[in-house]
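Chemist: Taking the hints into account, I'd like the entire structure generated from these sequences.
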Amino acid sequence: MHSFGYRANALLTFAITILALMCGIASFSDNFNSPSPTAQVQVLNINWFQKKPDGDDEVSLTLNVSANLESLFTWNTKQVFVFLAAEYETPKNSMNQVSLWDGIISSKEHSKFRIHTTNKYRFVDQGSNLRGKDFNLTLHWHVMPKTGKMFVDNIVMSGFRLPKAYR
Amino acid sequence: MDWQGQKLAEQLMQLMLVLSAAVGFITGYVLGSFQTMLLIYAAGVVLTSLITIPNWPCFNRHPLNWLEPSVAEKYPKPQPSANSGPKKKASKK
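Protein sequence lines correspond, in order, to chains D and P. Under the UniProt record's numbering, the letters of the first sequence match residues 1 to 167, in that order. Under the UniProt record's numbering, the letters of the second sequence match residues 1 to 93, in that order.
Quick caveat, the hints were computed from the structure, so don't treat them as lab data. Treat the numbers as computed from the prediction; the structure is a model and nothing was measured. Careful, some of the hints might be misleading.
From chain D, some residues computed to sit far from chain P (all C-beta separations above 12 Å) [said to hold, decoys possible]:
| id | residue |
| --- | --- |
| 1 | I18 |
| 2 | S36 |
| 3 | V43 |
| 4 | K51 |
| 5 | P53 |
| 6 | N76 |
| 7 | F81 |
| 8 | I115 |
| 9 | N119 |
| 10 | Y121 |
| 11 | K133 |
| 12 | D153 |
Only some residues are given here: those of chain P computed to face chain D with a beta carbon under 7 Å [claimed, not checked]:
| id | residue |
| --- | --- |
| 13 | L8 |
| 14 | M13 |
| 15 | F25 |
| 16 | G32 |
| 17 | F34 |
| 18 | A43 |
| 19 | V45 |
| 20 | S49 |
| 21 | I53 |
In this text, a Cβ means the ideal position worked out from N, Cα and C, and glycines have one as well.
Modeler: Below, the structure is given as structure tokens:
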């Protein structure tokens with residue numbers, strides 16, 4: 001503390017160290033939030049279901065996705081990234097996960113939503129295994145913090161089946 | 001600043017920064033606003049730097065008593081020698 005510069009340096013480094021600690025504690029406080037989100041998905045229509053020239057199956061769906069993700073937001077949440085994935089099993093892969101739709105929710109006010117859409121991303125299989133296939137539609141979310149740890153979770157909705165023949 | 005002033009300034013700096021962090025965090029947490037926490041803390045940092053960095057008179061209350069030049073000349077400074085061993089005592093008159 002001998003000179004102006006010495007004191008200024010000591011103050012700045014201490015202030016930044018304390019700021020890092022505050023951010024750590026803020027991130028830790030997210031653990032006390034016990035979220036209770038809900039979601040529901042309906043497949044309204046199979047628009048078309050074909051085998052592509054390269055041999056892979058592709059299907060186009062119209063979906064109705066509704067969810068209430070309000071309880072995921074804390075004071076330390078910057079945004080929530082949400083995506084809907086079709087999950088199923090094939091002889092070649094024990095888990096296939098194909099993302100059909102995603103979105104970014106930037107505030108609590110927008111986190112209770114209902115959308116009616118065709119799949120944003122193409123539902124293509126590695127191969128020709130989709131006829132008559134049972135699949136789950138799982139809504140995944142990543143709660144992205146302003147500082148610290150990101151929380152990831154999902155809701156599995158099962159009971160969907162693709163038609164036995166191409167259309 | 002004198003030695004006592006330096007100690008006071010350092011302790012004051014540490015205390016004020018921790019306090020403004022605590023006040024900021026609790027206020028931000030209760031209000032649910034991360035930005036509020038950062039603003040209160042930033043204000044606290046600025047206030048602390050205004051109080052503890054400049055050479056205010058209150059930090060100079062215990063100035064060091066340097067010797068008068070006329071008295072100091074009676075005691076010559078020790079001269080460093082080529083093969084200096086242990087400390088030499090300065091000769092006192």
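Chemist: Take the hints in turn and mark each one as holding or not.
Modeler: Right, here's what the structure says about each hint:
1. I18: Nearest chain P Cβ is 5 Å from I18(D), so the label is violated.
2. S36: Consistent with the label, S36(D) stays out of reach of chain P, its closest Cβ about 18 Å off (over 12 Å).
3. V43: 38 Å, holds
4. K51: 51 Å, holds
5. P53: 52 Å, holds
6. N76: 6 Å, violated
7. F81: Per Cβ check, F81(D) is outside 12 Å of chain P; nearest 19 Å; holds.
8. I115: 27 Å, holds
9. N119: 35 Å, holds
10. Y121: 33 Å, holds
11. K133: 45 Å, holds
12. D153: Per Cβ check, D153(D) is outside 12 Å of chain P; nearest 22 Å; holds.
13. L8: 9 Å, violated
14. M13: 5 Å, holds
15. F25: 6 Å, holds
16. G32: 4 Å, holds
17. F34: 5 Å, holds
18. A43: Violated: closest Cβ of chain D sits about 12 Å from A43(P), beyond 7 Å.
19. V45: Interface hint status for V45(P): holds (5 Å vs cutoff 7 Å).
20. S49: 6 Å, holds
21. I53: 5 Å, holds
Checked against the numbered hints listed earlier, the structure breaks hints 1, 6, 13, 18; every other hint is satisfied.
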